[in-house]
Amino acid sequence: MSVYERLSDISKKKFVVLIDPDKPTDEQIVDIVDKSKKAGVDFFFVGGSLLLTDSLDHCIKLIKKHCDIPVLIFPGDSLQISKWCDGFLLLSLISGRNPEMLIGRHVVAAPYLKLYGNEIIPTGYMLVDGGCPTSVSYMSNTTPIPHDKDAIAMCTALAGEMLGLKVIYMDAGSGAINPISTEMIYKVKNTVSVPLIVGGGIKTPEQAAAMAEAGADIIVVGNALEKSTEKLKEFADAIHDIN
3 MSVYERLSDI SKKKFVVLID PDKPTDEQIV DIVDKSKKAG VDFFFVGGSL LLTDSLDHCI
63 KLIKKHCDIP VLIFPGDSLQ ISKWCDGFLL LSLISGRNPE MLIGRHVVAA PYLKLYGNEI
123 IPTGYMLVDG GCPTSVSYMS NTTPIPHDKD AIAMCTALAG EMLGLKVIYM DAGSGAINPI
183 STEMIYKVKN TVSVPLIVGG GIKTPEQAAA MAEAGADIIV VGNALEKSTE KLKEFADAIH
243 DIN
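First residue of the sequence shown? That's 3 in the working numbering, and the numbers climb one at a time after it.
In case anyone wonders, no lab produced these hints; they're calculated from the structure.
These figures come from a predicted structure and were not determined experimentally.
Even for Gly, the Cβ is constructed at its ideal location relative to N, Cα and C.
Please note that a few of the clues may not be correct.
To be verified - Between beta-carbon pairs, the in silico distance windows are:
| id | residue 1 | residue 2 | range |
| --- | --- | --- | --- |
| 1 | I12 | D239 | 15 to 25 Å |
| 2 | K25 | I179 | 18 to 28 Å |
| 3 | D28 | M164 | 24 to 34 Å |
| 4 | L165 | S4 | 35 to 45 Å |
| 5 | L54 | L165 | 32 to 42 Å |
| 6 | T206 | N245 | 14 to 24 Å |
| 7 | K40 | D150 | 35 to 45 Å |
| 8 | A161 | V109 | 36 to 46 Å |
| 9 | K229 | L117 | 30 to 40 Å |
| 10 | I154 | K40 | 38 to 48 Å |
| 11 | H60 | G119 | 31 to 41 Å |
| 12 | M3 | N245 | 13 to 23 Å |
| 13 | E7 | D243 | 17 to 27 Å |
| 14 | V109 | H60 | 26 to 36 Å |
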């Protein structure tokens, strides 16, 4: 089964742990992986808005050494490419109007992705206001969709699906104060037929469960687990129980 087939299987909600390869030590990565295996985590996403070290390959290989959970790159820029991953989210930032994020950087990355043979998942990436400026809004030079403008989010996601993008990823951004509202998630999910990924600003298992209940197919949690992995299983159980 391909990574996309596993990602798009709607028979159950999925929990993704996001790892910024710059932040955890090797010991912390192994701890996250061990707890993720026990909790039944479905995928790892690896990437960050800005990497300061050459740690991407090492992080991916370390994860794969200790588990068989699929690892996908969630790239912050065109340099975040690795032949060691199981799949690559090729993000088109459809919520913004910066052409570099719509097609420009993809042109640079495409030859390397073809060379490495990564499974490519064309992804419509939508940045939603989470209550504060985030790294991704600054680095991408784009304005997030206002948190209460559900119609803009719905039409943006629909346009992305019509353009042939295989997944819609709604993100409040790393460090967001507020997660994306369940109302917006519900309306977007009922507008598109492709899998819906939601992340950013999710601090509690209860918030994650509410998003899954509203229609998110895949929930991504990163910051909430960086300081402590104690609630990792609680997140997994809360999301998987919605099924």
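Hint check results:
no. : hint                    : result
1   : I12 / D239: 15 to 25 Å  : holds, 20 Å
2   : K25 / I179: 18 to 28 Å  : holds, 20 Å
3   : D28 / M164: 24 to 34 Å  : violated, 43 Å
4   : L165 / S4: 35 to 45 Å   : violated, 21 Å
5   : L54 / L165: 32 to 42 Å  : holds, 33 Å
6   : T206 / N245: 14 to 24 Å : holds, 19 Å
7   : K40 / D150: 35 to 45 Å  : holds, 39 Å
8   : A161 / V109: 36 to 46 Å : violated, 21 Å
9   : K229 / L117: 30 to 40 Å : holds, 37 Å
10  : I154 / K40: 38 to 48 Å  : holds, 40 Å
11  : H60 / G119: 31 to 41 Å  : violated, 20 Å
12  : M3 / N245: 13 to 23 Å   : holds, 18 Å
13  : E7 / D243: 17 to 27 Å   : holds, 23 Å
14  : V109 / H60: 26 to 36 Å  : holds, 27 Å
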